[in-house]
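Participant: These are the residues of each chain, in order.
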Amino acid sequence: QSTLVVAEHNNEKLTPITLNAITAAGKLGGEVSCLVAGTDCAKVAEELSKVQGVKKVLVAQHDCYKGGLPEELTPLVLATQKQFNFTHICAGASAFGKNLLPRVAAKLDVAPISDIIEIKTPDTFVRTIYAGNAVSTVKCNDPVKVFTVRGTSFEAAATDGGSAASETVATAPAVGVSEWLEQNLTKSDRPELTSAKVVVSGGRGLKSGENFKLLYDLADKLNAAVGASRAAVDAGYVPNDMQVGQTGKIVAPELYIAVGISGAIQHLAGMKDSKTIVAINKDPEAPIFQVADYGLVADLFKAVPEMTEALK
Amino acid sequence: MQIYKSGVVTDGVKHSMNPFCEIAVEEAVKLKEKKLIKEVVAVSCGPQQAQETIRTALAMGADRGIHVEVTGKDYEHLGPLQVSKIFAALAKKEEAQLVILGKQAIDDDCNQTGQMTAALLDWPQGTFASEVTLEGDKIKVVREIDGGLETIKINTPAVVTADLRLNTPRYATLPNIMKAKKKKIANMKPADLGVDVAPRLEVLKVEEPPQREAGVKVETVEDLVARLKDTGRI
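Chains as they are written, first to last, in our numbering: chain V, 1 to 312; chain H, 1001 to 1234.
Pulled out of the complex, with its shape left as it was, chain H reads as follows:
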């Protein structure tokens, strides 16, 4: 089995791995350590800096990386639909049995890529996972839902997206960081996978949200309760 993770990095100064994706990598590496899967392949789409994200995954224990290079305007407009198409194409090409990703990126907060990758592959999806157990050719997933937890069982191949409580990602140790430098990262372009990255959504504007003004400091609980009563809040 091969495991993928996603790490669509932001265009900011610091290109670090999305925290949910770190959890996804950790889970994949753990499954490999338990000898439940054979190989972990770390995948990231983005400019040259995406390789740093892949190196981090390699230092955590992934076996090799694939960097799908998307730069400039294409990268600026890269959305979850296009990324899903890239992941789905790679999963097929690599004959992966499991794709693990973070449940959402913390820049665009879309929470879509895993679900769409599963849809494009016609695979089942175990989203917002807080526990993943491989049971033969099925996967039991405990999911974080609004009112608590839900357990589902899905066939493999499958897509799983990591929620916060799935695990605590390890820190890469110096020897492992050194080792990771020797691991291979393949490079390709979306067109190599037959994926068109033309944007589908047009961002008309990005603004600052209305700012909240700080209110008053109250001295006592009595004062606080009185004010809340005066304003009809309680």
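Looking at chain V on its own, in the form it has when it is part of the complex:
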């Protein structure tokens, strides 16, 4: 038994969720290898070789891996699996992992398992369904198990102390049916939403995109990331990459501050594993209070600046 973790990176740095996936892979027992495919990814391979729990780093460099297109990466993952006979293939349940691994699984004719939160045995996994309202334990009888890992459910593997061997793997010829053009990433000096220790999120109660400034000010005092409910995103206040919830990002920070968020099921699905939840809402009946450790029934336009001030 052995596991392949497909590393997510931008040629410069490893994406943090890969470290959570490595921890999950380690729980299976057996050797853990990481596949790094990119255009110029020596740095990432070096970074990975120091990660605890990684035995082997497989490196594939080719221009066609630009942008991590699934059409190009799938044949590589398949060839690597064939060469090393991995029994498990996993990646983080990020936009990258969700895009790639089902494609790999279909090619292997196996049923993939998305967004797992626990590993019971090497063939039995736990995941949530119905927006987190039910927890399902599934057994996979396929010869190769393919799954994506919810980052917040597994600790990040330590980034030092490891000493993995590096190995170059043969690259397949470019498939050439897709082309990566550009990325427009939201620029922010704040921590990344899914790995931040503190998250401040706003909902429809904020009333406008401009008013999110109140949250940015508070977030800066707490070194927090800023998220939003789907309602706030749908209303056009903020971009979708800030969405926390069933159809957005899953977060589980130490502290989650929900501001002007009523607490729809689909939002709770994305944040209810946070260690401490604070809710600020003027409606005392808002469902968010049912999951909040500390609830403050107040006008957010007064309470949030007051809180920012108190933290000075």
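Any given hint might turn out to be false.
Simulated coverage check for chain V against chain H, where a stretch passes if three residues somewhere in it have a Cβ under 8 Å from a Cβ of chain H [to be verified]:
hint : region
1    : 28 to 41
2    : 49 to 55
3    : 59 to 70
4    : 76 to 85
Reference excerpt, derived from the structure (chain H facing chain V, CB under 10 Å, subset only) [said to hold, decoys possible]:
hint : residue
5    : P1124
6    : Q1125
7    : S1130
8    : R1227
Just so you know, these hints were derived from the structure itself, not from any lab. Every residue gets a Cβ at the ideal spot worked out from N, C-alpha and C, and that includes glycine.
Dock chain H against chain V, hints included.
Facilitator: This is chain H only, laid out in the frame that chain V set:
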């Protein structure tokens, strides 16, 4: 060109279309209205009630429907891999140029069917789409990714999965609902398409998640900040 959409309905009381699939249907109908595609075929797998989902798509503007009937235990265990095989077989049979589906079902939250359909057909995939532009025999897709947006260009035929911001689905008007009743829905079984729907994953148990207890209400910001400091959260 023909467009497919998926709507794997839940086994609940209300069989309604998955919201992401509604967006997929809307996009297909819009492309047809712009005369960029010739025909929109709505497809759904499931029991008899799946036809209601197809009727909704027809009322939104799809031209005809295909109901792939899966019932009883088979339906209970129907997973994205089997559904993908059905869609891939249909896409080939109908010589579709584009398959549009929702990015995920909101019951199992798998987010797999589009990617797997593309894999089985060996077609490129434009997943989590927030903008789709047909450019000759290629499709430009703006995708929702973790840190923002990404633009790719893929060859046709292709599979596209709809994210929330792709469009706002229309409401079917009464005249269109009436018209939809006259549109044809073909009926077939997975075996007609050569697809084996035997389950691959075994669900051992489904439980309620641990419930979070409501905590305390605080009266003032001062009190809140003090408590967060006491517990070491800030």
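Participant: All the hints need checking, so say for each whether the structure fits it.
Facilitator: For each hint, the structure was consulted:
Interface restraint, the region 28 to 41 of chain V with chain H: violated (0 residues with C-beta to C-beta distance below 8 Å; minimum three). Counting residues of the region 49 to 55 of chain V whose CB lies closer than 8 Å to any CB of chain H gives 0, so the stated coverage by that chain is violated, three being the minimum. For the region 59 to 70 of chain V, the assignment as covered by chain H holds, since 3 residues bring a beta-carbon within under 8 Å of that chain's beta-carbons and 3 suffice. With 0 residues carrying a beta carbon less than 8 Å from a beta carbon of chain H, the region 76 to 85 of chain V misses the three-residue requirement, and the given coverage is violated.
Because the smallest distance between the Cβ of H:P1124 and any Cβ of chain V comes to about 4 Å, under 10 Å, the interface hint for this residue holds. Satisfaction of the interface hint for H:Q1125 is found here, the shortest Cβ-Cβ separation to chain V being roughly 6 Å, below the 10 Å cut-off. Taking 10 Å as the C-beta cut-off, the interface hint given for H:S1130 holds, the closest approach to chain V being about 7 Å. For H:R1227, the interface hint holds, the least distance from its beta-carbon to any beta-carbon of chain V being 6 Å, beneath 10 Å.
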